[in-house]
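Novice: Sequence:
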Amino acid sequence: MIALLTIHRTAKRADPCSGGKTLSGHSKWATTKHKKAIIDAKRGKAFTRLAKEITVAARIGGGDPEGNPRLRTAMLKAREENMPMDNIKKAIQRGTGEIPGAHYEECQFEGHGPKGVAVMLKVQTDNKNRTVPELRTIFSKNGGNLGENGCVSWMFDQKGMISLEWPGATEDKAMELALETGADEFRLHENGIDLITSPADFSTVLESVKSRKLVPTFAEITMIPQTSVHLDGKDAQMMVRLMEALEEHDDVENVWSNFDIPDSLLEQLLSGNP
Numbered sequence: 001m002i003a004l005l006t007i008h009r010t011a012k013r014a015d016p017c018s019g020g021k022t023l024s025g026h027s028k029w030a031t032t033k034h035k036k037a038i039i040d041a042k043r044g045k046a047f048t049r050l051a052k053e054i055t056v057a058a059r060i061g062g063g064d065p066e067g068n069p070r071l072r073t074a075m076l077k078a079r080e081e082n083m084p085m086d087n088i089k090k091a092i093q094r095g096t097g098e099i100p101g102a103h104y105e106e107c108q109f110e111g112h113g114p115k116g117v118a119v120m121l122k123v124q125t126d127n128k129n130r131t132v133p134e135l136r137t138i139f140s141k142n143g144g145n146l147g148e149n150g151c152v153s154w155m156f157d158q159k160g161m162i163s164l165e166w167p168g169a170t171e172d173k174a175m176e177l178a179l180e181t182g183a184d185e186f187r188l189h190e191n192g193i194d195l196i197t198s199p200a201d202f203s204t205v206l207e208s209v210k211s212r213k214l215v216p217t218f219a220e221i222t223m224i225p226q227t228s229v230h231l232d233g234k235d236a237q238m239m240v241r242l243m244e245a246l247e248e249h250d251d252v253e254n255v256w257s258n259f260d261i262p263d264s265l266l267e268q269l270l271s272g273n274p
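In UniProt numbering, the protein residues as written are 1 to 274.
Simulated from the structure, these hints should not be mistaken for lab results.
In this text, all values refer to a predicted model and were calculated from it rather than measured experimentally.
Just so it is clear, CB atoms sit at the ideal spot from N, CA and C, and this is done for glycine as well.
A couple of the hints might just be wrong.
[Claimed, not checked] Label-pair distances were calculated between CB atoms; the ranges are:
#1 D201 with D232: 33 to 39 Å
#2 N87 with D172: 41 to 47 Å
#3 D201 with S140: 36 to 42 Å
#4 H103 with K210: 31 to 37 Å
#5 N191 with G147: 32 to 38 Å
#6 A200 with M85: 23 to 29 Å
Go ahead and model the full structure; you've got the sequences and the hints to work with.
Specialist: Take a look at the structure:
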């Protein structure tokens, strides 16, 4: 049984919460994103997206990672992808204005997919007038529509999520790891565990996880849906096409949604065999 468990640090015990199914659906796409990151690296897209994130983080919060958690997290991800330090340094300098470069504006867009599924996007663009109609076209071609800001964001909570492969993990072992690393919540599933943190604590918890020689399959500050919408058949097929098309857009940094597609069907759709 999949359950989301909240850690009570004083009692050192866990109580089931109602969000297990929702987080389960979210984790499926998180795993997909991890696989996509590997493909992106081969295509040379990973460095471009990482550089954008570093530049925006430095522009918003300054070029010192010690005082800028978002920049620190972006730099950790860049090092994981073997991005050269010179590239990282130049991306920071573009953000702080020390060297010239494109000015990226960070925007949030919201919309709906098939059957009213909620979709949120984080976009980094140097030309919003170009990006908006392109995103609107992607939504309309895949059974959805681009909406107004605020139309679905209330359905999500911003959290840090760190996923680890750990077949056969017990609740006691999972709680022990969560307590030791400083995570707020954990979720057990068939193949491992998801650690959930506040955005402010994410980089600290991630570093603690890695110090134990554990390698996350997914780790980032994300938007976790409060409820989910079950999809199957053509609706599921169209939803996956929408997610993939949005992820492929060069200006899209992240896509979040509250769809819930059965594991076997999702794997089939992602393999290209609907």
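Novice: Give a verdict on every hint.
Specialist: Tested hints:
1. D201 with D232: 33 to 39 Å: For D201 and D232 the Cβ distance comes to about 37 Å; the hint holds.
2. N87 with D172: 41 to 47 Å: Holds, since N87 and D172 (Cβ atoms, about 43 Å apart) stay within the stated range.
3. D201 with S140: 36 to 42 Å: holds (39 Å)
4. H103 with K210: 31 to 37 Å: holds (33 Å)
5. N191 with G147: 32 to 38 Å: holds (34 Å)
6. A200 with M85: 23 to 29 Å: holds (26 Å)
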